[in-house]
Amino acid sequence: MFEELTNQFEDAVKAFKGEAKISEENVDEALKQVRRALLDADVSLSVVKEFIDEVRVKAVGTEVVRGIDPGQKFIQVVHEELVNVMGGENDPLANSEEQPTVILMAGLQGAGKTTATAKLGLLLKEKNKKPLLVAADTYRPAAIDQLVTLGKQIDVEVFNLSSNLKPEEIAKKGLEKAKNEGFDTVLVDTAGRLQIDTDMMGEMVRIKEAVQPDEVLLVVDSMIGQEAADITRSFHEKVGITGAVLTKLDGDSRGGAALSIRKISGKPIKFIGTGEKVEALQPFYPERMASRILGMGDVLTLVEKA
Amino acid sequence: EKTRKGFVTDLLEKLGDDPLTPEVLDDLETLLLRADAGVSATDQILESLRTKLNEEVVEASEGLRFLKEQLVNVLEKPIKDSGADLLSPQKGCLNIWMLVGVNGVGKTTTLGKLASVAKRSGFSAMIAAADTFRAAAVQQVKVWGDRTGVEVIANESKNADPASIVFDAIGASKSKNIDLLLVDTAGRLQTKNNLMEELKKIRKIIDKLAPKANVESLLVLDSSQGQNGLRQALAFADSAELTGVILTKLDGSSKGGVAMAVASEAKLPVRFIGAGEKIRDLRPFNSFEFIEALLTVR
Ligand SMILES: Nc1nc2c(ncn2[C@@H]2O[C@H](COP(=O)(O)OP(=O)(O)OP(=O)(O)O)[C@@H](O)[C@H]2O)c(=O)[nH]1
Ligand SMILES: Nc1nc2c(ncn2[C@@H]2O[C@H](COP(=O)(O)OP(=O)(O)OP(=O)(O)O)[C@@H](O)[C@H]2O)c(=O)[nH]1
Ligand SMILES: [Mg+2]
Ligand SMILES: [Mg+2]
Numbered sequence: 001m002f003e004e005l006t007n008q009f010e011d012a013v014k015a016f017k018g019e020a021k022i023s024e025e026n027v028d029e030a031l032k033q034v035r036r037a038l039l040d041a042d043v044s045l046s047v048v049k050e051f052i053d054e055v056r057v058k059a060v061g062t063e064v065v066r067g068i069d070p071g072q073k074f075i076q077v078v079h080e081e082l083v084n085v086m087g088g089e090n091d092p093l094a095n096s097e098e099q100p101t102v103i104l105m106a107g108l109q110g111a112g113k114t115t116a117t118a119k120l121g122l123l124l125k126e127k128n129k130k131p132l133l134v135a136a137d138t139y140r141p142a143a144i145d146q147l148v149t150l151g152k153q154i155d156v157e158v159f160n161l162s163s164n165l166k167p168e169e170i171a172k173k174g175l176e177k178a179k180n181e182g183f184d185t186v187l188v189d190t191a192g193r194l195q196i197d198t199d200m201m202g203e204m205v206r207i208k209e210a211v212q213p214d215e216v217l218l219v220v221d222s223m224i225g226q227e228a229a230d231i232t233r234s235f236h237e238k239v240g241i242t243g244a245v246l247t248k249l250d251g252d253s254r255g256g257a258a259l260s261i262r263k264i265s266g267k268p269i270k271f272i273g274t275g276e277k278v279e280a281l282q283p284f285y286p287e288r289m290a291s292r293i294l295g296m297g298d299v300l301t302l303v304e305k306a
Numbered sequence: 001e002k003t004r005k006g007f008v009t010d011l012l013e014k015l016g017d018d019p020l021t022p023e024v025l026d027d028l029e030t031l032l033l034r035a036d037a038g039v040s041a042t043d044q045i046l047e048s049l050r051t052k053l054n055e056e057v058v059e060a061s062e063g064l065r066f067l068k069e070q071l072v073n074v075l076e077k078p079i080k081d082s083g084a085d086l087l088s089p090q091k092g093c094l095n096i097w098m099l100v101g102v103n104g105v106g107k108t109t110t111l112g113k114l115a116s117v118a119k120r121s122g123f124s125a126m127i128a129a130a131d132t133f134r135a136a137a138v139q140q141v142k143v144w145g146d147r148t149g150v151e152v153i154a155n156e157s158k159n160a161d162p163a164s165i166v167f168d169a170i171g172a173s174k175s176k177n178i179d180l181l182l183v184d185t186a187g188r189l190q191t192k193n194n195l196m197e198e199l200k201k202i203r204k205i206i207d208k209l210a211p212k213a214n215v216e217s218l219l220v221l222d223s224s225q226g227q228n229g230l231r232q233a234l235a236f237a238d239s240a241e242l243t244g245v246i247l248t249k250l251d252g253s254s255k256g257g258v259a260m261a262v263a264s265e266a267k268l269p270v271r272f273i274g275a276g277e278k279i280r281d282l283r284p285f286n287s288f289e290f291i292e293a294l295l296t297v298r
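Those protein sequence lines, which keep their order, are chains A and B.
Residue 118 in this note's numbering sits at position 118 of the first sequence, and the numbers go up by one each step.
Residue 221 in this note's numbering sits at position 221 of the second sequence, and the numbers go up by one each step.
Careful, some of the hints might be misleading.
In silico DSBU-like links for lysine-lysine, alpha-carbon gap of 35 Å or less [stated by the list, open to error]:
{"id": "1", "chain 1": "A", "residue 1": "K267", "chain 2": "A", "residue 2": "K129"}
{"id": "2", "chain 1": "A", "residue 1": "K173", "chain 2": "B", "residue 2": "K142"}
{"id": "3", "chain 1": "A", "residue 1": "K177", "chain 2": "B", "residue 2": "K142"}
In case anyone wonders, no lab produced these hints; they're calculated from the structure.
All figures in this text were calculated on a predicted structure; none of them were measured in a lab.
With these hints in hand, go ahead and build the complete structure from the sequences.
Listed below in structure tokens is the structure:
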């Protein structure tokens with residue numbers, strides 16, 4: 001695998017040509033290439049800077065085993081560090097002892113919240129759980145219809161009320177229903193909102209207070225640019241997230257947001273969306289994401305799909 | 001929105017007539033990168049400023065004026081080349097505007113807003129609901145149809161053929177002498193070959209059935225997107241014969257800097273901007289305003 005990455009980073013590797021070890025002197029040029037790759041992958045600038053500083057410290061003074069050239073070793077250090085930052089192993093969905101487990105979906109407009117709500121509903125159903133989907137987006141035209149349609153597709157019940165009610169009330173009533181009727185998980189779909197929209201962020205906080213979720217998942221479009229940092233920071237500071245779902249990874253975006261989300265919130269990315277269909281949800285694997293961010297493509301995920 | 005201060009104004013205040021220093025160039029680099037302008041474009045812009053710096057002692061105000069001018073030119077070029085400063089339907093013939101793009105960028109909402117502008121400007125309009133895939137896509141379009149009083153041609157049966165809906169809608173537009181037919185298409189990632197082929201098919205139907213119509217094929221681009229936006233533009237340009245771009249969600253904190261790359265590399269004019277979820281939140285694109293906002297620090 002590192003050979004492929006080494007090809008990608010030919011210039012970075014060249015920086016070490018003819019030298020036996022990674023040093024303060026020769027690492028700069030290579031780091032420049034990494035910086036560029038990360039920015040091309042839409043990792044947020046502040047995160048890139050921090051990451052580069054950490055890699056510099058790790059790389060300089062790394063013992064280079066005979067037979068491996070410093071260039072390859074360097075790429076390996078970068079890749080490892082990416083994997084480390086993004087969290088090593090895969091994190092599962094919260095499962096509260098006191099039922100029902102409540103999961104709240106949040107994010108910008110069009111990120112994929114409603115779709116992800118249905119996907120998680122299907123995942124839980126397949127694990128013999130009894131989820132209830134709650135339609136708490138009262139703004140977007142036909143948002144409720146959308147969730148109801150998806151609910152039918154996966155044969156999971158959807159709780160919805162008139163869109164004249166406040167989302168926090170709908171969410172609360174949904175939770176009551178779940179408690180009364182023995183649903184073990186409640187998934188609350190919410191309207192898309194900008195992190196700079198104070199009113200809508202306030203509403204998100206009220207929804208959270210109303211249902212006391214075990215999990216608040218920030219749903220982020222993997223095609224997102226530099227604002228990933230600010231979005232994560234705002235949602236985390238104002239609402240408090242427990243994890244994230246990165247969507248639309250079936251495309252060819254490099255998904256640098258994964259690094260930004262993790263680094264800024266400290267919370268894991270739990271799932272990735274890999275298609276429009278309700279089955280297209282997979283656990284997040286930092287290893288694969290690291291390769292993808294560095295420009296190796298999401299080879300493994302594609303292999304798994306085939 | 002609190003105190004948004006023009007970066008340029010801010011810099012000018014700080015610098016006065018002091019020369020453009022390497023530190024200022026660094027600040028500029030940060031600003032451009034954070035606006036999603038991309039590494040290559042940013043390097044190019046800074047390089048030309050540096051060259052200028054080496055040739056002569058450049059005062060800050062002069063340097064920044066030069067920079068702004070350059071950026072505006074990038075956006076203006078495809079607009080000038082298109083021969084139309086402002087995009088609007090032509091009277092007396094059928095205009096067909098098709099909105100395409102990846103998932104969730106704002107196609108349907110923008111279509112609703114366009115229907116509203118069209119009506120308010122005295123054009124008759126019709127909507128073809130050619131997203132037959134997304135859950136409740138047709139219901140969503142119908143809400144916009146109701147809001148704007150524009151007729152929606154749809155086929156509710158699951159997985160109906162989008163091209164056949166466009167076929168029906170062109171027929172209906174002709175028989176009712178409609179000025180503007182707006183076509184909503186399903187979101188699709190540019191890497192999905194079969195879905196991109198479907199767009200080609202829709203384009204073929206349009207060209208065959210309405211060879212004399214003014215066809216605009218508009219890519220809806222979400223301003224919060226990063227570098228993938230350029231790939232989208234290039235791929236959709238190929239399959240949908242793009243004629244322009246609409247930038248959405250500029251009411252957010254993103255600057256939409258990828259539009260610079262789209263304008264210069266895909267050579268597409270930006271036509272409208274969306275800045276909100278409401279029916280009136282659509283404006284014609286203005287390069288000067290866009291660049292001023294791009295160079296604004298929050
Ligand atoms: N290709 C692909 N499309 C996706 C994925 N997840 C969601 N989508 C599509 O993205 C679009 C937006 O998805 P929604 O689930 O409606 O997004 P949302 O966040 O609920 O949107 P709002 O409620 O309007 O804020 C739809 O066309 C979905 O089919 C994914 O993983 N891959
Ligand atoms: N803040 C903001 N939200 C917008 C804007 N335009 C659209 N939206 C929101 O973005 C979300 C997606 O919009 P749609 O119009 O459904 O997007 P689409 O491209 O048709 O989505 P698909 O058909 O699923 O691919 C909705 O929640 C819209 O309200 C905008 O300019 N600003
Ligand atoms: Mg939704
Ligand atoms: Mg749509």
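35 Å limit on alpha-carbon distance, applied to hinted pair K177 (chain A) and K142 (chain B): holds, 31 Å
Hinted pair, alpha-carbon criterion (35 Å max): K267 (chain A), K129 (chain A). Please report holds or violated. holds, 25 Å
Straight-line alpha-carbon gap K173 (chain A) to K142 (chain B), limit 35 Å: holds, 29 Å
Checked against the numbered hints given earlier, the structure satisfies every one of them.
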